[in-house]
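*Asks:* The chain contents come next:
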Amino acid sequence: MKKINKILIVLILFFAANGSVFADEQDDMYAKMDSLLSVISVYEFGMDRSALSEFSAIVKDELNRNRNRNKFEDMLTDFLLSNAKLDGKQFMCEQLSLAASERAVPVLLILLKNPETSDMARYALHRIPGVSSDATLKDAVEHNKNDEIIIGSINSLGRRKDTNAVNIIAEYLSSPNQSIAAASATSLGMIGNEEAAEIISEQRPNYDGMVKDLLTDSYLKCADNMLANGNKSEAEKIYNDVLQGEKNDALRQAAFNGLLESKNNSAELIVSTLAGDDLSLIDIAAIKIRILEKKGEIVKVADLLSVVDTDIKIKILAAFEDMQNPVTHKYVVDAVNDDNEFVSSAALKVLSKIGTKDDVELFVSIAVNGQGISKEAAQTNLDLLNADGVDYEIVRLLNSDNDELKPELIRTVSARKIISAYDVVYAAAAGENKALKAEAYKSLGAIAQPEQLQDLLTLLENAESEGERKRVESAIVAVIGKIPDKNERADQLIEYLSKTEDEDVMRSMLRILSASGSPNAYKVLQSALNGDDEEAQKIVIQSLSNWPGNEPINDLMNFAKSTSNDTYKILALRTYITLVKRSYTLTDDEKIKNYKEALSQSEADNEKKMIISGISNVGNLESLKLAVELLDNENIKKEAFMAVMQISEDIAEDHPDEVKNVLNKVLEKTDNEGARSYIKEVLGSIK
Amino acid sequence: MKKSKQTRRQFLKRSAGVTAGIVGIPYLVPSSVFGRNGIPPSDKITIGCIGYGMMGSGNTDSFLNEPDAKVVAMCDLDDEYLSLGKNAIDEHYGNTDCAAYHDYRELFLRKDIDVMSIAVPDHWHAILSIAAARAGKDIYGEKPLSHSLKEGRAICNAVKRYGRIWQTGSWQRSLPHFRYACEIVRNGRVGKIHRVEVGLPSGHTDFGGTAGQEAPMDPPKNLDYDLWLGPAPYAPYAPARVRMNWRWHLDYAGGQLLDWIGHHCDIAHWGLDLDHTGPVEIEGYGEYPETGLWNTAGKYRVDTKYADGLHMTISGGHRDLCNGTMGAKFIGDDGWVHVNRGGIDASNKDLLKEKFGPNDIHLFESPGHHRNFLDCVKSRKQTLTPCEVAHRSATPGHLGQIAMLLERKIKFNPETEEIIGDATASRMLSRSYRSPWHL
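Sequence lines, in order, name chains V and Z.
Just so you know, we're using this note's numbering here: the first sequence kicks off at 566 and counts up by one.
Just so you know, we're using this note's numbering here: the second sequence kicks off at 1299 and counts up by one.
So here's chain V without its partners, still in its complex pose:
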């Protein structure tokens, strides 16, 4: 028992002490608010708003606490009743829009009825949940003569979806002020319940022009809500009412749209509309084709493809493309043969999604013999045709005697990556037909596997021109890329290189090794770079620009420093700069160090410009300093200036003082008016 008493005493003391701390903290907050409120009371737009920011922070903190907020709220509403300036009151209404409860509503009503403060009161009332806000807004509508207040309050009631406000709002439909009538018509739709629909149904015939259009829009919103709530028959009545009686095309379209959505069977209506002459409804019917599911319904639409105008054919085919229903197949194939190339190409698109292996020949024949966009569509969509047996059919056709189709077939073998076509494609590459060879080389890269590398090396040996050799190189690079282990990629090639005596093949191998990314390959390239075969050096230097890593950077710099061949030096520097610029793994500091080294070796302006371009992509103070130093060189001054500005903009937020300092110095030395105004613009934007 004694123990329990002790615990109780401790707990009481704890809460007493902390309760006092909490109360102190709250009192401090009120004191701070008081002091800020006195500043805000004289606030006007354009003045320092730091007190407002501080006050917002307090409001935000308070919103993140779970405690009684009556006094807090009262302080905000008291401010609204004070002699504070309007701009401060507007700010306070924004705070109340988040912080106020219904407790604040009576004060907001006072502001709502004053034309000067009505809008700002609604900023808060719009967001305060509960019937008090609704009642206040209705009060303002009913007991006010100021049009702007009435309009605003009606709009707010609409947006709050106050179902009890329907009758009050409806009374203002007949207002001589068109803006009030418009607000009333719109708000009825925002509320959008059955009561609003009834009123609109009665009142709509009494109006015309803008108010009638807005009322009809609201009527349709009511119908949409009915439809969403399962009241199809009532919704349908409204849609039909508007469709039959309305002259405004847009409203008729919306009604038709809703009607098609609401009907259990829309097929007849869609078909008759597509075949009819009511142009304003055809677009809606075309969109709604997509809701059809039954075979018979879809066929009825498909039948139209043989009778309707080109524009409508394209709309129907667009729907069929989305639907991907095999029922349309026969009709789509017919449309592929349409005289109009837009129709034909639209049909080919559909066919790529619903076609079968039996359609391959149709695609290929248009891809070979077609014209313009049909030809292009046939090629693109043959590559995408995804059905059982399509690849088999392509290989079968490739093995046939029809040479005319073969280039296109080999092209699609590549796009579709049909590995089983390897033998026939390889035969074409090794054959005599030049048109076929070119396609076959490209295709081999896509379909050849690492175990077929030796075949490709044989093709390389037998290549009859530099062009052919380059194409085989590309194929080999693609094939070795399929080997996951980087060293394994290169080892077979290195062995081959050690045995070949054909100089052309050796050069090719160096280029291929440069693309491998293999550490073993790099050793070979390094050795060639440091060797005495100048032609090999040149190939290595140029090829290394494709190297996927930082390894060559130091070697290239050493080469540039040591070579006596000026051309090679320039080439090495260019590759060096390319690799530094592209590197993801070098730090900014390392990059700057590399650029400085490159600058020390560069004599030509072109290389310096390349370096500047790299420097400008490094956003730090060191890169800025380096770019500024380069401004002194007349030949590259323009590029250096752009780099200075780019870096300045990049880092100004983190280093405002340093950037200002640098730019002011540059400004002092700059005569060019355009440059000066650019500097001033950037300086002006630095906070």
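In case anyone wonders, no lab produced these hints; they're calculated from the structure.
Misleading hints may appear alongside valid ones.
Below, in silico cross-link-like pairs of lysine-lysine (DSSO-like), each with a Cα-Cα straight-line distance of 30 Å or less [said to hold, decoys possible]:
| id | chain 1 | residue 1 | chain 2 | residue 2 |
| --- | --- | --- | --- | --- |
| 1 | V | Lys1047 | V | Lys1035 |
| 2 | V | Lys1174 | Z | Lys1653 |
| 3 | V | Lys597 | Z | Lys1597 |
| 4 | V | Lys1158 | Z | Lys1647 |
| 5 | Z | Lys1647 | V | Lys1088 |
| 6 | Z | Lys1458 | V | Lys914 |
| 7 | V | Lys1225 | V | Lys1174 |
Just so you know, these numbers come straight off a predicted model, no measurement behind them.
Here the structure of chain V is known, so what remains is to put chain Z in place on it, guided by the hints.
*Replies:* Coordinates of chain Z only, in the frame set by chain V:
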């Protein structure tokens, strides 16, 4: 690492080339079903352009260059822009036929116009878009779709109700390398994705050249300032408030976060097939300026979680994310792929050479963003970035803004689009309009 902040000038400069460290890939732009080789059989599509500042001029130019489109009207409440726009159109066609409108309501009365191209400040998006749909126009609208989440849903509803075709200015989806990156992800080449880092710009770029010009003054005669304010709370004119720098004030826009959410978050959603859903948990922290007229977050970070456990981080000014730059970085069990306007990169470079076969997922290959829109106006097919997609792309931005402003985690139901168990945060899903404006 390089900072992610990027000004418009830099963007223009860099978008022409390749950003350091990102591999540019060659690509072919496919021809349109209708456009490249001739004008289709039907009449030309007539277009009215609203807003010529910021994105408006670029969109107008794009439509002018489409052979089956005819820009017949320009509308801007700033007479200087109006004149610039009309002159550009007239010069292109070699006549003086382009009609000039100060007030969009007059433009919408024209029955002979098929399409509205809308490029105006965000606080005007919903009112104009819904009015355009109600007028039976197809719409090319700028991102972000809306200025609040509820406005976004209202736009989607109106576009659906009136059966309109909508394309959002999220044109990155029309660039082949963005599509390719998304195909890599969709086809599982980097494994199951568990995290996406979306990198956006930070800070406040002085687009209008009016930084610091914050003292209230009379608006210039060329600008109908009251109409410009429209539904936004009253504030006196100051140069820093308007002309492209409106982006940096929460009454008119959502800062860098909402400006760019419709680009890189849009790509993240595309890559992950999240076009019809949204996050379930959102936390954020933003650095909002405490002084000056501009009040949008300069540096920010929004962490979101999706229903399947995926984490998406959206940030500006955080160099430790998204390779220290912009774009969308998809991180999966088997590696990562990162795409931005400079190009595409991946943990496994071989991925960047892959060609997808017929059994792989192929995303829509756009003939060009404006071209795709015009094609869809004719075919009545959904565009590459329809309204719903734009709404979902912007959703993490709207919710992130709320989480940052309240500094607390919020939970969201993407089905009902309601914030769960947080009445205060829920209030921020919509905002009141100045009288007499309404949706």
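*Asks:* Hint by hint, which ones does the structure fall short of?
*Replies:* Number 2 - this is the single hint that the structure violates.
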